[in-house]
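Peer 1: Listed below, chain by chain, are the residues.
2 protein chains.
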Amino acid sequence: MIIGIIGLGLIGGSIALGLRKSSFGDKFIGTDSNKENALHAVKLGIVDEIIPFQDLIIQSSVIILSIPVNRIEKILPSILNRINTDTVILDTGSTKYDICNRIFSHPKRNRFVATHPIAGIENSGPFSAYSGLFNNKTCIICDSELSSPDAMSIVIKIYSIMNMGMIYMTSKEHDLYIAYISHLPHVISFALANTVLKKFENEKTIFNNMMGSGLDSTTRLAKSKPETWLPIFISNRENMIQSIDSYIDHLNKFRNHLIDKKYNEINQYMKKANDIKR
Amino acid sequence: MIIGIIGLGLIGGSIALGLRKSSFGDKFIGTDSNKENALHAVKLGIVDEIIPFQDLIIQSSVIILSIPVNRIEKILPSILNRINTDTVILDTGSTKYDICNRIFSHPKRNRFVATHPIAGIENSGPFSAYSGLFNNKTCIICDSELSSPDAMSIVIKIYSIMNMGMIYMTSKEHDLYIAYISHLPHVISFALANTVLKKFENEKTIFNNMMGSGLDSTTRLAKSKPETWLPIFISNRENMIQSIDSYIDHLNKFRNHLIDKKYNEINQYMKKANDIKR
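So the protein lines, in turn, are chains P and U.
Here the working numbering is used: the first residue of the first sequence is -18, the next is one more, and so on.
Here the working numbering is used: the first residue of the second sequence is -18, the next is one more, and so on.
Treat the hints as calculated values from the structure; they're not laboratory data.
None of these values were measured; they are calculated from a predicted model.
All residues carry an ideal CB built from backbone N, CA and C; glycine is no exception.
There may be inaccurate statements among the hints.
Claimed, not checked - What follows is a list of derived Cβ distance ranges for each label pair:
| hint | chain 1 | residue 1 | chain 2 | residue 2 | range |
| --- | --- | --- | --- | --- | --- |
| 1 | P | Asn248 | U | Val23 | 27 to 33 Å |
| 2 | U | Lys153 | P | Asn15 | 48 to 54 Å |
| 3 | P | Asp256 | U | Lys16 | 47 to 53 Å |
Unchecked claim - Chain U is nowhere near these chain P residues, computed Cβ spacing over 10 Å in every case:
| hint | residue |
| --- | --- |
| 4 | Met(-18) |
| 5 | Arg1 |
| 6 | Phe5 |
| 7 | Lys8 |
| 8 | Pro58 |
| 9 | Arg83 |
| 10 | Ser205 |
If we strip away everything but chain P, and leave its shape as in the complex, we get:
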């Protein structure tokens, strides 16, 4: 079985390495719009060969789409037009509704499985890829009733090999939940980074010396790539606005308690937040 990877970065690269490690697939072929990444992917053993996009689509039995969500949405219909009848396509994008909506009425819709393996780290590119990235993490599979059983079973096999747990929901539910669980934390982290960078713009030495004490973890996601995240924010715009508004409400509650010296309320607020420990 030939596996074709479109997008040889962190996610596509890690899936390829994980599958190769367990000898799933006979040959791995790939393509990446970034030529350097493509060359590195071969050197790193992510794929055997870089081949043109059009050839990859015809030759692959399984196509894995690991590129920014706007590009998935754009090229998915034309890929579906051209694939063989038994080819399976899956994507790994961080938003799902727009992608699923775009091909809802496509005659080959059932060859596609919409997935989101949750394993994002702030690093990117083929050098960050490793076979254990998805170990013990969760993959969300969306609108699975629209995919044919044989396509589903291959995709489930792939994520099982990665040792992922799988949960199922609609693409609409996915986008709402993930706005809070993943996209909002990214916005929060970008905003915090900009707040402190602005505050310390004339005191860089003090800033560098004082790092630590919590800022590292809360600004980890602020290192994420705009190329990946802008399309996600655009695609999940309405849920994002809802989640940011809800977050600002919670933040204002804390702020107002502090202004009003309502310290019992602040104590309760923190105790509630401690539940995140589970």
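Model the placement of chain U on the given structure of chain P, informed by the hints.
Peer 2: Below, chain U alone, put in the same frame as chain P:
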């Protein structure tokens, strides 16, 4: 030399373990308002002996105050009243202005050194303490011109043993900077935890399965203890309000760009935030 530790939690415990490891100090005595923590601290080898507070103050050559900032502020004057003339006291509190202000005119002010070893983690208690906690991190020493040279040299020795870098500033500067670098990230994390816990209050299974993807790191600090953090927020209230307001401004900027579909501006916003990588 006898070292007295008041407060045998993460910070006091880790300092004791670090000093013992390098054979600084002949005997370690301690006290903690939590009797269980005190017993554990002896079992864990943090101190040799638990002794009453009043005796500890008389017997110790160096007193390390590692308790919540409101309690430091409260008991520091009476400790200064009673110590021998060559005893050195240092505190490790996360705010410094109120503490320093409280004893500004005390006749024994120069026996006290105001410090903040930046190494906070969300864990607490003697079981979390370890000798390497402060390795390669920064200690801020405040208003050092008010401490006598011999007291300063002992404190510098202690933090050098912990392998900490030291920086010097006024207690007022400390509280302003640390509001942004440490206290604001805590508020942000508490608020995020409450936002997602509220959103998922009726969907706990989905929530537990979807964790990951950035929420772990941004809510790490939300596990912090209210007993420690409420006094910090109260003591640093004005700087906190300023830093929260500045943060909400930055967040609103992102939100408004998203509402207005100003995607170039969002791209620039993220690129700026990426500078946090240094």
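Peer 1: The structure should be examined with respect to each hint, and the outcome stated for every one.
Peer 2: Checked hints:
Under the hint 27 to 33 Å, the C-beta atoms of Asn248(P) and Val23(U), about 31 Å apart, fit the expected range. Distance hint for Lys153(U) and Asn15(P): a CB-CB separation of about 49 Å, consistent with the stated range 48 to 54 Å. The supplied range of 47 to 53 Å is broken by Asp256(P) and Lys16(U), whose beta-carbon atoms lie about 27 Å from each other. Distance check for Met(-18)(P) against chain U: the nearest CB is about 29 Å away, which clears 10 Å, and the non-interface claim stands.
Interface exclusion of Arg1(P) from chain U stands, the closest Cβ pair being 24 Å apart, more than 10 Å. Every CB of chain U lies more than 10 Å from the CB of Phe5(P), the least distance being 23 Å, so the non-interface label holds. For Lys8(P), the non-interface assignment is confirmed: its Cβ lies about 31 Å from the closest Cβ of chain U, beyond the 10 Å cut-off. No Cβ of chain U approaches the Cβ of Pro58(P) within 10 Å, the least distance being about 23 Å, so the stated non-interface status holds.
Listed as a non-interface residue, Arg83(P) keeps its Cβ farther than 10 Å from every Cβ of chain U; the least gap is roughly 19 Å. Once the 10 Å rule is applied to beta carbons, Ser205(P) is inconsistent with being away from chain U; the minimum gap is 8 Å.
Consistency with the previously given hints fails for numbers 3 and 10, ordered from lowest to highest.
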